[in-house]
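We have chain C already, so just place chain P on it with the hints.
There are 2 protein chains.
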Amino acid sequence: MEVILAKRAGFCFGVKRATQMAFEAAGKHQKTFTLGPIIHSPQVVKKLEDMGVGVVKDLSGVQDGTVIIRSHGVMASELDEAHRKQLEVVDATCPFVKKAQDHVKYLSDAGYEVLVVGDADHPEVQGIVSYGDASRVYVVASGDEVRQLPKMAKMGVVAQTTQSFDNLKSVVTECLRRGGEVRVFNTICDATAVRQQEATELAQQTDCMVVIGGFNSANTRRLTEICTELQPKTYHIETAAELRPAWFVGVNKVGVTAGASTPKWIIDDVLARLEEINNSH
Amino acid sequence: MEVILAKRAGFCFGVKRATQMAFEAAGKHQKTFTLGPIIHSPQVVKKLEDMGVGVVKDLSGVQDGTVIIRSHGVMASELDEAHRKQLEVVDATCPFVKKAQDHVKYLSDAGYEVLVVGDADHPEVQGIVSYGDASRVYVVASGDEVRQLPKMAKMGVVAQTTQSFDNLKSVVTECLRRGGEVRVFNTICDATAVRQQEATELAQQTDCMVVIGGFNSANTRRLTEICTELQPKTYHIETAAELRPAWFVGVNKVGVTAGASTPKWIIDDVLARLEEINNSH
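If you're matching them up, the sequences are chains C and P in order. Using my numbering, the letters of the first sequence correspond one by one to residues 4 to 284. Using my numbering, the letters of the second sequence correspond one by one to residues 4 to 284.
Don't read these hints as lab results, they were simulated from the structure. Misleading hints may appear alongside valid ones.
Treat identical chains as interchangeable: a pair holds within one or across any two.
[Unchecked claim] Below, computed lysine-lysine pairings styled on PhoX-like, alpha-carbon distance capped at 20 angstroms:
{"id": "1", "residue 1": "K19", "residue 2": "K267"}
{"id": "2", "residue 1": "K172", "residue 2": "K10"}
{"id": "3", "residue 1": "K267", "residue 2": "K88"}
{"id": "4", "residue 1": "K10", "residue 2": "K88"}
{"id": "5", "residue 1": "K157", "residue 2": "K108"}
{"id": "6", "residue 1": "K10", "residue 2": "K256"}
{"id": "7", "residue 1": "K31", "residue 2": "K49"}
{"id": "8", "residue 1": "K157", "residue 2": "K172"}
{"id": "9", "residue 1": "K88", "residue 2": "K19"}
{"id": "10", "residue 1": "K19", "residue 2": "K50"}
{"id": "11", "residue 1": "K34", "residue 2": "K88"}
{"id": "12", "residue 1": "K101", "residue 2": "K157"}
{"id": "13", "residue 1": "K50", "residue 2": "K154"}
{"id": "14", "residue 1": "K108", "residue 2": "K267"}
{"id": "15", "residue 1": "K19", "residue 2": "K236"}
{"id": "16", "residue 1": "K50", "residue 2": "K31"}
{"id": "17", "residue 1": "K88", "residue 2": "K108"}
{"id": "18", "residue 1": "K236", "residue 2": "K256"}
{"id": "19", "residue 1": "K31", "residue 2": "K157"}
{"id": "20", "residue 1": "K267", "residue 2": "K154"}
{"id": "21", "residue 1": "K31", "residue 2": "K267"}
Isolated chain C (complex conformation) (with noise of 0.2 angstroms):
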């Protein structure tokens, strides 16, 4: 059995930085706690919690130490509550949603109504948009919801930066429909699509596919549909634990990827236990 791994698996740019920020902080600071899951990966959270940094929900039990603000981003407020108490703050922002975070802020700033292409119960979208005066900002799943939306003479756009291009296209479209002035920012990062378009090819050239990452992970999730629709003998595993020989009877060629939140470090067990299982065949 030949097991393909895809080049673009695991952590994005954002999601490394972001771990690699919180295991220094890990090491250096006493009192060092993550608000939210630092990234949607539950073992990466736990090594953390076993280097003494654990999670808090929120600012209102927390008087001092060092706060590391998650990949996703975080409220406005909840930052604003940090540099209040004066905690020390490790900002951890994917330096991408920290621009969208920018953008509307601007755009709320200069007098536009922002619409945040995005999914409203996404953290990072909640960050995003709570960075804008709340009674001008809309989060769309895409351009049919813009036609709910009040007569507005200058829009602002954002997206979440996982968001489809396809999406962003709708939401535009259906803005630019309503004349006056539309803004854009395009603030899609291509980590997700490049990833995706290697997972189709993929699953079209093997017989089985194993996706890795988080089951709170919506990038992961996703990138488990798309591989299903194309080859139905897919499973997503959190870790190489969860592999089970009797999948791969009969298989000549595995393909393997992850989502944006998963470790090198589970990848590399899951490839090794596929080797494993190969050998024992």
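Below, chain P alone, put in the same frame as chain C:
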């Protein structure tokens, strides 16, 4: 034979305004002329000539008098020249075209590369373009042409007022694909779309179409194309004198529409002539 006139046949807002301004100026000032034809209607141009208002191609031979700026607008340098020569200026540029010119100037001054969606040969577009820094303004007919352009971080987009929404959409989509900032002022005037939509509906209901307007009028020619596609018995005329009774033999319903630069008196003449033809059958 029933004759149905399209509701929005003839003068649009900008053309009506320009024509009124020109006729007013003709009565008031000595030595009055228009810089290029005031609108794309040879009959209106002729009427003004009869009132002593000639057409000049440029200002090189002009030293004094009143210059009327046509509805399509002129190049920024021509307007400058008129002011430098201390000519009296009656600016009949369509306010919607003026807006497009102003947006190009604003975007260009603010450091954007500016894309003008339109027909590079049209005088309106040549005027609009002249308001930006020549080295950083591009005329594009569609999204395909955007792909040929050099890399640019801040893209400004405006449209010729008579462009189709689909052209604007395809240009903006290609700009978005390049990433960075895309700032669009949708300067399309919907008079054109509304007139085309009405002509489409009329061509479907009738068994003959008459389109009235200057043979040099792009929007009239486009109306003729649209009608011909649905109704091969479509005739483009400039005046009532061109109507041939033979065209209407066996016709039950004839639809009449007219381009944006066709004056009411010409439409009325055509309707009267159609009535005559009808009575003589």
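Here is how each hint holds up against the structure:
Only within a single protomer do K19 and K267 lie at most 20 angstroms apart by alpha-carbon distance; the minimum there is 10 angstroms, versus 69 angstroms between protomers. With identical chains, the CA atoms of K172 and K10 are never at most 20 angstroms apart, being 28 angstroms at best within one copy and 34 angstroms at best between copies. Within a single copy, K267 and K88 get their C-alpha atoms no closer than 36 angstroms, and across copies no closer than 73 angstroms, so neither meets the 20 angstroms cut-off. Proximity of K10 to K88 under the C-alpha cut-off of 20 angstroms is found in neither arrangement, the shortest distances being 43 angstroms within a copy and 67 angstroms between copies.
In this assembly of identical chains, the alpha carbons of K157 and K108 lie at most 20 angstroms apart whether taken from the same copy (15 angstroms) or from different copies (18 angstroms). For the homomeric pair K10 and K256, the shortest alpha-carbon distance inside one copy (16 angstroms) is at most 20 angstroms, but the shortest distance between copies (67 angstroms) is not. Proximity of K31 and K49 under a CA criterion of 20 angstroms is satisfied intra-copy only: 18 angstroms inside one chain copy versus 86 angstroms between copies. For the identical chains of this complex, K157 and K172 are neighbours both inside a copy (18 angstroms) and across copies (17 angstroms), given an alpha-carbon limit of 20 angstroms.
Neither within a single protomer nor between protomers do K88 and K19 lie at most 20 angstroms apart by alpha-carbon distance, with minima of 28 angstroms and 65 angstroms respectively. Proximity of K19 and K50 under a CA criterion of 20 angstroms is satisfied intra-copy only: 15 angstroms inside one chain copy versus 74 angstroms between copies. Only within a single protomer do K34 and K88 lie at most 20 angstroms apart by alpha-carbon distance; the minimum there is 14 angstroms, versus 77 angstroms between protomers. In this homomeric assembly, K101 and K157 come within 20 angstroms of each other (Cα to Cα) only across copies, at 19 angstroms, whereas the closest approach inside a single copy is 23 angstroms.
Taking the shortest alpha-carbon separations for K50 and K154, neither the intra-copy value of 49 angstroms nor the inter-copy value of 43 angstroms comes in at or below 20 angstroms. With identical chains, the CA atoms of K108 and K267 are never at most 20 angstroms apart, being 35 angstroms at best within one copy and 51 angstroms at best between copies. In this homomeric assembly, K19 and K236 never come within 20 angstroms of each other (Cα to Cα): the closest approach is 29 angstroms inside a single copy and 68 angstroms across copies. Taking CA atoms no more than 20 angstroms apart as the test, K50 paired with K31 passes inside one copy only; the shortest distance there is 16 angstroms, against 87 angstroms between copies.
Neither within a single protomer nor between protomers do K88 and K108 lie at most 20 angstroms apart by alpha-carbon distance, with minima of 23 angstroms and 48 angstroms respectively. Proximity of K236 to K256 under the C-alpha cut-off of 20 angstroms is restricted to the intra-copy arrangement: shortest distance 12 angstroms within a copy versus 64 angstroms between copies. For the identical chains of this complex, K31 and K157 are neighbours neither inside a copy (47 angstroms) nor across copies (41 angstroms), given an alpha-carbon limit of 20 angstroms. For the identical chains of this complex, K267 and K154 are neighbours neither inside a copy (48 angstroms) nor across copies (35 angstroms), given an alpha-carbon limit of 20 angstroms.
Taking the closest pair of Cα atoms, K31 and K267 never come within 20 angstroms of each other, the shortest separation being 23 angstroms inside a single copy and 83 angstroms across copies.
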